[in-house]
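J.: Chain by chain, the residues:
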Amino acid sequence: MSEHAGHDSDTPHVVPITTYVLVFLALMLGTALTTWVAYIDLGRWNTVAALTIAVIKMTLVVLFFMHVKYATGLTRIVILAGFFWLGIMITLSCSDELTRRWEIVPQGWQMIVPLFSRLF
Amino acid sequence: MAAHGAHPPGFAHQFETVTQQREAGTLGMWVFLVTEILFFGGMFTSYIIYRSLHLQSFIQGSHELIVRYGATNTAVLIFSSLTMALAIRTAQTGKSKGQIIFWLILTMILGASFIAIKLRFEWYRDYVEGLIPGVSWLDGGTHTPGVKMFMCFYFFMTGLHALHMVVGLGILTVLVIMTARNKFSSQYYAPLEISGLYWHFVDIVWIFLFPLLYLIGGRY
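Chain order of the listed sequences is H and B. In terms of numbering that gives the first Met the number 0, the first sequence opens at residue 0 and continues consecutively. In terms of numbering that gives the first Met the number 0, the second sequence opens at residue 0 and continues consecutively.
Derived from the structure by calculation, the hints contain no laboratory data. No experiment lies behind these values; they were computed from the predicted model shown. Cβ coordinates follow ideal geometry from the N, Cα and C atoms, glycine included. Among these hints, one or two may not hold up.
To be verified - Residues from chain B shown here face chain H by an in silico Cβ test under 10 Å; the list is partial:
hint, residue
1, Arg-88
2, Gln-91
3, Phe-101
4, Leu-168
Stated by the list, open to error - Label pairs and their in silico Cβ distance ranges:
hint, chain 1, residue 1, chain 2, residue 2, range
5, H, Ile-103, B, Thr-34, 36 to 42 Å
6, H, Ile-39, B, Ser-185, 28 to 34 Å
7, H, Val-13, B, Ser-45, 38 to 44 Å
8, B, Gly-133, H, Val-104, 28 to 34 Å
9, B, Tyr-123, H, Thr-98, 39 to 45 Å
What the hints assert, rightly or not - Counterexamples of contact, computed for chain H against chain B with all Cβ distances above 12 Å:
hint, residue
10, Phe-64
11, Gln-106
12, Ile-111
13, Pro-113
14, Leu-114
With the hints as constraints, model all of the structure from the sequences given.
T.: Set out below in structure tokens:
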């Protein structure tokens, strides 16, 4: 990219049509692949495979169709922050909700606690 | 203050350069899209939690959906993203407004096809089979509570996604009118670029909805 020495002349990056078409074909391939994989019994790895392909497809759309590959660092940080916050929301919500029904059975040295509570 | 030479079309006074204006617009749109990520993220989070709590019901509910239509709609949306990207590229490279309008209208046709497939082959069928929450049943009904929970998620998530599609079609209509009125050039096409970001975002939401709702429920 040429340096813009205080001049308005620099133009945004024009993505070649071949790049767009290749990304499009990759996305179509991903769709076919994810549909095909769903019919194969991989146990819990079905979910992993489906989400991995979805994340790859999303990355392609974001980088090329949404021009983030050619965007400024500031824009990229804002996007990453968005996904980071999404991660916080999902992780903390799950760590709360999915551990509520855990029953704690004291074992080994933890038996001291009920013992002591009986003493006092 | 440095005097600007020829004032480019669409260049607002508060910006130093055209590049700064373009980057500010992109950044602003992404800040909005981050709020959209978290908006849909709230639904994805609750979907993850309720799916883990009622796994068998969610698998059963997922089997009520037809993968064929979900996959077709995924392809339709990806194709519409390509045509949207090409519409912007056509403006960038200073092609005639007829060509920009061609790609925009093609994008609209594909977007409308998505909604049409959804309505005709999926939601209508769900209505006939009595799966629509609030319409087919309020309480009672023939399905188990867990399947109903899945159908609620399905309709809220695909419904809000379809609503975003309808808004996108409205935005595209405005873009076609603006293009016809010669508002855009290779120097200024920010509304196209910004609306393109929105359109691709809606595509990404579907890229996640498709596997989560249709595929991961033990289809084998």
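J.: Next step is simple, just say for each hint if it's right about the structure.
T.: Now for the hints, and whether the structure bears them out:
no., hint, result
1, Arg-88, "holds, 7 Å"
2, Gln-91, "holds, 5 Å"
3, Phe-101, "violated, 15 Å"
4, Leu-168, "violated, 18 Å"
5, H/Ile-103 to B/Thr-34: 36 to 42 Å, "holds, 39 Å"
6, H/Ile-39 to B/Ser-185: 28 to 34 Å, "violated, 48 Å"
7, H/Val-13 to B/Ser-45: 38 to 44 Å, "holds, 41 Å"
8, B/Gly-133 to H/Val-104: 28 to 34 Å, "violated, 43 Å"
9, B/Tyr-123 to H/Thr-98: 39 to 45 Å, "holds, 41 Å"
10, Phe-64, "violated, 5 Å"
11, Gln-106, "holds, 26 Å"
12, Ile-111, "holds, 34 Å"
13, Pro-113, "holds, 30 Å"
14, Leu-114, "holds, 35 Å"
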